[in-house]
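Kindly produce the complete structure, drawing on both the sequences and the hints.
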Amino acid sequence: MGPETDTSSATVRSRPHPVLALRRAATALRHGTGTPACAGRRAVRVTVAAIAAFFIGLYGLNQPVTATYALFAAVAMAGLSRIPGTGRQRAAVVVRMLPVGWVLVTAGTLLAVRTWAAVAGMLVIGFLLAFAAAAGPRLAGAAPGLQLLYILPCFPPFAPQTLGERLGGMTLGILLIVVAESLLLPDPPTASYRALSADAAMTAARCATELTRPPWTLSDGARSAARAAGEALRPSQVAESERPAGPGPRERALAHTGMAARVLLARLPEVPGPGHRAPHPQSLELLHLIAESARRSAAALRTGRPAGPGRLPAALALYRRLRTVPTDGAAPETTSTVMYRQAMLIEAAHAGVTLATAADLALGRRLRPDETPDGSFWYVGHSTVRLWAHRLMAHLSPRSVYFQNAVRISLALAAARTVAGVVSLPHGFWAMLAALTLIRTTAAQTGAVVRQALIGALLGALAAAVLLVFVGGNTTAYAVVLPVVMLATFWIGPTRGVGWAQGLFTLVVSVVFAQLAPATWHLAAVRFLDVLTGSVIGLVIGLLAWPRGAHEELRRDVAALLRTIGSTITSTTSILTAGHAEGRDRPHLPSLQHALMLAESSFAQYQSEPRRADTPVADWQAALMAGHHALRGSRRLVEWGESDAGVRSLEPAYGARLARDGAELARQYELVGTLLAGARPLSSLSGRPGPGDPDARPHGAPAPPVYYDAEAWLQGLAVDLDRITAATAGAAAGPPSKNAG
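According to numbering that gives the first Met the number 0, the sequence shown is numbered sequentially starting from 0.
Hints listed in this document are in silico derivations from the structure and should not be mistaken for laboratory results.
All of these numbers come straight from a predicted model, not from anything done at the bench.
All C-beta atoms in this analysis are idealised placements derived from N, C-alpha and C, irrespective of residue type, glycine included.
One or more of the hints may lead you astray.
Stated by the list, open to error - Listed next, with one range per pair, are the computed distances between beta-carbon atoms:
| # | residue 1 | residue 2 | range |
| --- | --- | --- | --- |
| 1 | Leu461 | Thr417 | 25 to 33 Å |
| 2 | Arg547 | Ala524 | 30 to 38 Å |
| 3 | Pro98 | Leu60 | 20 to 28 Å |
This is the structure:
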């Protein structure tokens with residue numbers, strides 16, 4: 000008896016108390032960061048707001064129309080939409096969308112009079128709402144919910160007299176979801192992009208300080224810290240709600256801040272040692288000022304108060320003016336080493352100035368265009384409206400993935416509305432909702448999702464039919480079941496897949512409409528028929544409209560970007576080696592900037608799509624960084640070449656060497672771009688003497704400083720190219736690395 004009693008007691012002690020288990024579950028729901036916990040918090044908020052809105056409208060006000068629009072508005076803006084951010088951030092976005100919702104419900108009500116009018120409205124409104132995703136992730140996340148606000152009223156009966164009830168119900172649902180998002184189960188905080196940029200700036204400050212002490216180069220630990228801080232600013236490593244992707248001046252400046260921090264962290268480890276000589280005092284002073292400026296930027300980003308320009312811009316300008324080629328009889332190799340080190344220090348210092356300027360702009364400091372270090376801050380002085388227009392117009396092209404998605408979605412919705420109107424589908428808006436939620440950016444992905452959705456919808460329809468038969472007209476039973484089914488739908492659906500989501504949502508709509516009017520098992524059959532119709536339409540449109548998604552566009556856009564970088568290198572070195580800079584055509588920087596923008600938008604969509612084995616392996620982020628490096632470096636070198644008299648006295652041997660280095664690097668960029676355009680495997684290109692190799696320098700009269708500046712720029716672009724193609728080396732050993740995405 001003793002051992003048996005002891006075992007039983009141990010078993011009892013191992014079981015958690017029900018109250019304790021409930022507390023632990025609530026704590027996990029409140030503070031968990033995994034997908035189930037996030038889905039659980041979202042499900043609770045949607046369920047509370049939607050059920051409260053529906054019950055107030057139906058049982059409190061006895062207005063079925065108000066109840067219907069209240070419930071679907073809450074579901075649209077919190078269940079269907081995926082607005083990134085904290086609860087309060089999402090609530091702020093939803094509140095701003097309320098006037099847009101009024102317009103959409105009104106337009107849908109008035110255009111429902113004729114099928115052709117509703118279809119035309121769907122084409123236009125569907126395109127505009129989907130295309131608005133180009134303005135940033137929050138608007139992109141709200142777009143599906145806004146689509147539903149138009150879809151719901153654009154079906155018969157044509158009842159403009161109920162417009163007041165529709166608007167009132169929609170307003171009630173949205174206001175309740177705002178309250179729920181603000182107060183219920185707030186999400187755990189995430190590291191902001193400002194905080195990550197501040198950490199990167201502090202890491203850069205420590206690296207710059209270490210370069211001022213013997214042995215005048217960075218230790219392995221400092222190099223690892225710099226690499227880790229730069230990787231932390233990759234978009235794939237940053238929470239979607241914190242990525243500065245909007246078109247406004249502050250969002251652009253914050254993105255510019257992160258880019259400048261990454262460039263500074265990449266350039267400091269590349270600063271070579273001084274060789275056999277001690278570092279020049281002016282070089283050490285410049286490093287101290289780089290560290291000081293980076294610390295000031297970090298403090299500003301953490302406190303939210305702009306730090307001002309500091310001493311680095313003036314010191315950098317003075318350093319460039321006073322820099323001369325050594326004439327103390329040193330060997331040409333030593334002279335090249337000293338000058339190349341100075342050029343790399345100037346590259347790092349310029350990144351530090353850019354970091355400080357961008358951080359101040361992101362924090363609201365007003366600057367005149369002539370106060371910025373170069374033309375890269377082109378957005379200074381432009382209004383938010385103008386920047387929005389600039390972003391949207393730039394993407395109004397078939398090459399843009401935002402344009403492609405908008406066309407794909409609007410065609411699918413218009414086709415679904417046409418079929419529903421022509422064949423008089425009961426509850427035809429379910430077909431449009433299925434097309435909206437199931438279509439993906441690739442045909443393969445759409446096909447897989449549709450297969451799961453149809454299985455789930457069929458099983459859900461069978462379960463709903465059984466429920467409707469056994470419960471009959473007992474609305475009280477439906478009212479009791481609805482919260483449970485809705486909570487399960489928005490909790491289990493996002494974690495278990497689209498099949499579960501469709502099946503459970505079929506139960507939700509069946510229970511909802513059974514309370515609005517007497518219903519039989521035919522309601523479940525209609526639901527499955529509508530999902531089938533919308534799925535087929537979505538699959539057909541997915542096959543016809545850019546079926547390969549962002550994979551193809553990213554490959555083509557990055558290929559075009561690399562080729563444009565090559566032409567920019569060629570035109571820049573041509574200007575610097577022509578003997579004079581005035582009067583010559585500048586590099587094709589607008590085309591480089593446009594190619595960079597298209598590649599960035601394609602990369603943003605690519606990250607949300609499943610990887611395919613036939614996609615070329617490359618470090619896409621490194622390609623984007625190379626574009627930024629080429630753009631800003633070319634602009635800076637041309638300006639320096641025009642202002643420096645030394646460029647006119649460039650010895651023919653140095654000019655020929657710079658031209659050969661530029662032509663060889665441009666050829667490699669264009670070759671990699673050509674390989675990508677043809678979907679052929681990349682290969683890491685090597686064997687060319689690096690621009691920083693002293694032994695590769697011509698002998699004779701010393702070169703002017705701008706020569707070494709240009710070679711340092713080429714060296715940085717060569718490092719970028721190695722990073723772009725380095726992912727190929729590991730492709731044979733396994734799947735693409737995380738950095739490749």
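Indicate whether the distance between the beta carbons of Leu461 and Thr417 respects the range 25 to 33 Å.
-> 29 Å, holds
With respect to the beta-carbon atoms only, verify the hint that Pro98 and Leu60 lie 20 to 28 Å apart.
-> 23 Å, holds
Taking 30 to 38 Å as the hint, is the beta-carbon distance of Arg547 and Ala524 inside that range?
-> 36 Å, holds
The structure agrees with every numbered hint stated previously.
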